[in-house]
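Enquirer: Build the full structure now, drawing on both the sequences and the hints.
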Amino acid sequence: MRKILKYGAAVALPGLLLFSCGERDAAPTSEVVAARVSHVTEDPTDAAWKNVPAFRADLILQDLVEPRLLVPSTASVEVRAMTDGSWIAFRLAWSDSTADDLPGSARFSDACAVQFPAATGPDLPAPQMGEADRAVEIAYWRASWQASVNGRPDEIRSLYPNAHPDHYPFEATSLAPGSEVAREAELRYAPARALENPMEGPRERAVEDLVADGPGTLRSAAEKRATGSGVRTEIGWAVVIARPAPAGFADRGRGTIAFAVWDGARDETGSRKMRTGWVSLVLRETP
Amino acid sequence: MARVRNWQIGREMSYWYPESRPKKQFAAVFDINKCIACQTCTLACKTTWTSGKGQEYMLWNNVESKPYGFYPLAWDVRLLEALGRQTWEGRTYAGRTIFEAAPAGERALGWRPDDLDYASPNVGEDDCAGMIENGADLSVPHAAWFYYLARICNHCTYPACLASCPRGSIYKRPEDGIVLVDQSRCRGYRECVKACPYKKVFYNPMTGTSEKCIACFPKIETGEQPQCFVSCIGKIRMAGWISAPEAAREENPIDYLVHMRRIALPLFPQLGLESNVYYIPPVHVPLPFLEQMFGPGAGAAVETYRAAASDSDLAGLLCLFGSSPRVMPRWKRSGSFVLGLDEDGREIVRVPLREPVHVRAAFDAARGVARTNVP
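Top to bottom, those sequences are chains H and X. Here my numbering is used: the first residue of the first sequence is 67, the next is one more, and so on. Here my numbering is used: the first residue of the second sequence is 84, the next is one more, and so on.
Because the hints were derived from the structure by calculation, they are not lab data. Wrong hints could be hidden among the right ones.
Said to hold, decoys possible - Simulated restraints on C-beta separations: (1) Tyr100/X x Pro138/H: 25 to 35 Å; (2) Ser417/X x Gly170/H: 52 to 62 Å; (3) Asp198/X x Arg249/H: 19 to 29 Å; (4) Arg200/H x Arg345/X: 50 to 60 Å; (5) Gly343/H x Asp198/X: 34 to 44 Å; (6) Arg318/H x Tyr100/X: 34 to 44 Å; (7) Pro435/X x Pro243/H: 45 to 55 Å; (8) Gly170/H x Ala157/X: 13 to 23 Å; (9) Glu183/X x Arg254/H: 35 to 45 Å; (10) Tyr100/X x Glu250/H: 30 to 40 Å; (11) Ala392/X x Arg249/H: 51 to 61 Å; (12) Asp209/X x Glu270/H: 44 to 54 Å; (13) Gly217/H x Arg345/X: 53 to 63 Å; (14) Glu329/X x Thr164/H: 34 to 44 Å.
The beta-carbon is built from N, C-alpha and C at its ideal position, and this holds for glycine as well.
Expert: See the structure below:
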């Protein structure tokens with residue numbers, strides 16, 4: 067069994083213990099508190115996070131829609147948030163004893179996501195990916211994408227170090243390396259890349275903007291805005307996902323958010339995930 | 084779950100979506116008795132479609148030796164074991180399909196192969212004998228027999244891959260029944276890889292999406308047979324269109340072999356997918372094994388095939404296999420010839436039931452040379 071660590075209370079102990087201790091029980095905040103800052107950071111190791119209160123989001127099984135997850139895995143995710151009024155960043159930290167960032171036939175990547183209602187208002191969409199006419203916006207981070215952003219070469223040997231492919235037709239000696247003809251030939255054997263649906267491969271961002279209006283409807287958002295990065299910690303992952311703050315959040319001071327975590331080692335992917343329902347998100351002006 | 088009609092198991096069954104048959108259904112007949120496992124089909128497919136990065140061990144078409152060959156490893160026996168012992172009552176399946184046996188939280192009973200399960204296609208699978216002078220190299224508790232099983236996607240009427248995809252990224256084309264993964268929509272969840280009992284959907288770790296046999300649809304759309312069909316030097320394959328049993332037409336070669344003569348049988352019909360690649364079973368294999376793999380019609384199919392030499396229509400149609408790169412939706416026999424026809428009845432190819440035999444003297448007196456054994 068994995069040890070679920072509980073962090074100290076960020077409000078009471080700003081700057082202390084937050085990234086090294088973990089055994090300490092603390093009164094968690096009852097909602098996600100986004101601290102007002104002059105600028106948000108995308109770095110999960112930034113010391114600024116120490117001054118931000120922590121919220122422990124307990125995770126529940128996605129056991130409503132097939133394919134379902136029926137065995138609980140990640141129990142909770144610690145969430146910290148900051149906003150400069152226009153952008154909002156979340157630092158998600160959770161316990162995961164294995165770093166799963168290599169794609170493979172039966173290898174799945176660790177991942178996490180934040181979700182907002184697409185429209186503000188009291189009538190919230192279903193937290194399970196929204197519903198018809200009531201969409202949700204999702205920013206999704208994946209460990210394998212982070213590895214790519216961090217410089218892992220786009221080569222089969224990155225995934226299988228002992229691989230020894232004898233020949234690819236697009237690397238024939240008659241084709242100049244990197245030439246347009248060679249690139250076109252390579253794309254013929256990589257239809258997802260040709261269709262600009264690179265679910266793996268070279269990436270500039272480890273985070274993807276998505277929208278959904280019900281289970282099974284997840285699709286790319288019109289605009290690519292979200293960004294962020296993730297690092298391994300002593301106990302698991304710490305990931306920052308940053309994106310524009312939901313419309314009106316800075317004025318109203320309130321919003322709604324949900325979280326999800328996938329443990330690749332347990333074959334979690336897609337709808338097989340640990341998730342939350344809607345959680346309140348409040349703006350706290352720093353004195 | 085909806086209730087749908089599956090003629091291959093002789094009853095209704097549960098499926099994730101309601102019955103929706105395409106206007107035409109791509110289908111094929113493979114004559115196992117003629118396959119020599121030369122793997123020309125495998126290479127034709129590989130060269131055409133899966134020579135990219137991340138596709139190194141991906142074989143949309145493969146040929147494996149039964150009973151001990153598998154690609155991926157143990158693909159069929161693992162599922163059969165999970166499904167457990169099931170029974171037929173005549174031509175009606177009394178057991179559970181993979182949809183009806185789906186565990187809680189799943190859309191179908193399935194399993195997902197590991198990377199290594201794909202890593203050794205054909206290696207060691209026909210090592211039942213060593214050097215001939217050493218006798219049998221492998222002792223098994225049954226008479227030694229084997230056969231080659233060529234496999235592609237079955238473009239099923241009730242695809243498990245399609246049913247299992249929570250995103251609807253897999254679709255069955257209404258115009259020809261070909262099952263495709265939408266590469267612009269797939270997110271690589273691999274539910275399809277897990278659910279397909281034939282393990283004919285593959286994950287590409289370099290693109291992060293799942294890929295599968297496309298029945299060479301660009302060729303099918305122009306009336307051509309797929310690459311693995313036209314490259315088959317054993318001429319074991321015929322591509323065409325299959326009708327529902329009640330609409331079967333004798334002039335349709337696939338209908339004739341599957342519905343009229345019942346000589347070509349689906350692969351593991353008990354799984355419930357109404358698969359559309361049909362096999363003429365090998366004539367030398369114990370019946371219980373054939374019935375497990377091809378259903379209760381296996382014995383009759385073998386008998387019909389054995390008698391084909393004295394059946395001009397059946398023998399004639401079998402002669403059409405591999406006779407033309409074009410799809411032959413119609414056929415007829417005319418005396419000692421069999422004709423492959425297009426939809427309008429125009430002749431595509433004409434094949435003699437028996438090839439003429441010419442015996443030439445070993446010495447060509449006119450040229451003063453000995454003839455060598457070449458065409």
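Enquirer: Each hint: holds or not?
Expert: Each hint, compared with the structure:
1. Restraint check, Tyr100/X to Pro138/H: a C-beta distance of roughly 30 Å satisfies the suggested window 25 to 35 Å.
2. With their beta carbons about 56 Å apart, Ser417/X and Gly170/H fall inside the hinted range of 52 to 62 Å.
3. Separation of Asp198/X from Arg249/H is about 28 Å and conforms to the stated range, judged on CB atoms against 19 to 29 Å.
4. In this structure, Arg200/H and Arg345/X meet the distance hint of 50 to 60 Å, their C-beta atoms being roughly 53 Å apart.
5. At roughly 36 Å, the beta carbons of Gly343/H and Asp198/X sit within the given window of 34 to 44 Å.
6. For the pair Arg318/H and Tyr100/X, the supplied restraint of 34 to 44 Å holds, since their beta-carbon distance comes to about 43 Å.
7. Remark: the range hint 45 to 55 Å for Pro435/X to Pro243/H is upheld by a beta-carbon distance near 52 Å.
8. Gly170/H and Ala157/X have their C-beta atoms about 19 Å apart, which keeps the hinted 13 to 23 Å range intact.
9. Separation of Glu183/X from Arg254/H is about 40 Å and conforms to the stated range, judged on CB atoms against 35 to 45 Å.
10. Our hint of 30 to 40 Å for Tyr100/X and Glu250/H holds, since their Cβ atoms are close to 37 Å apart.
11. About 55 Å separates the C-beta atoms of Ala392/X and Arg249/H, a value consistent with the hinted range of 51 to 61 Å.
12. In this structure, Asp209/X and Glu270/H meet the distance hint of 44 to 54 Å, their C-beta atoms being roughly 49 Å apart.
13. Distance hint check: the CB atoms of Gly217/H and Arg345/X are about 60 Å apart, consistent with the given range 53 to 63 Å.
14. At about 55 Å, the CB distance of Glu329/X to Thr164/H disagrees with the hint of 34 to 44 Å.
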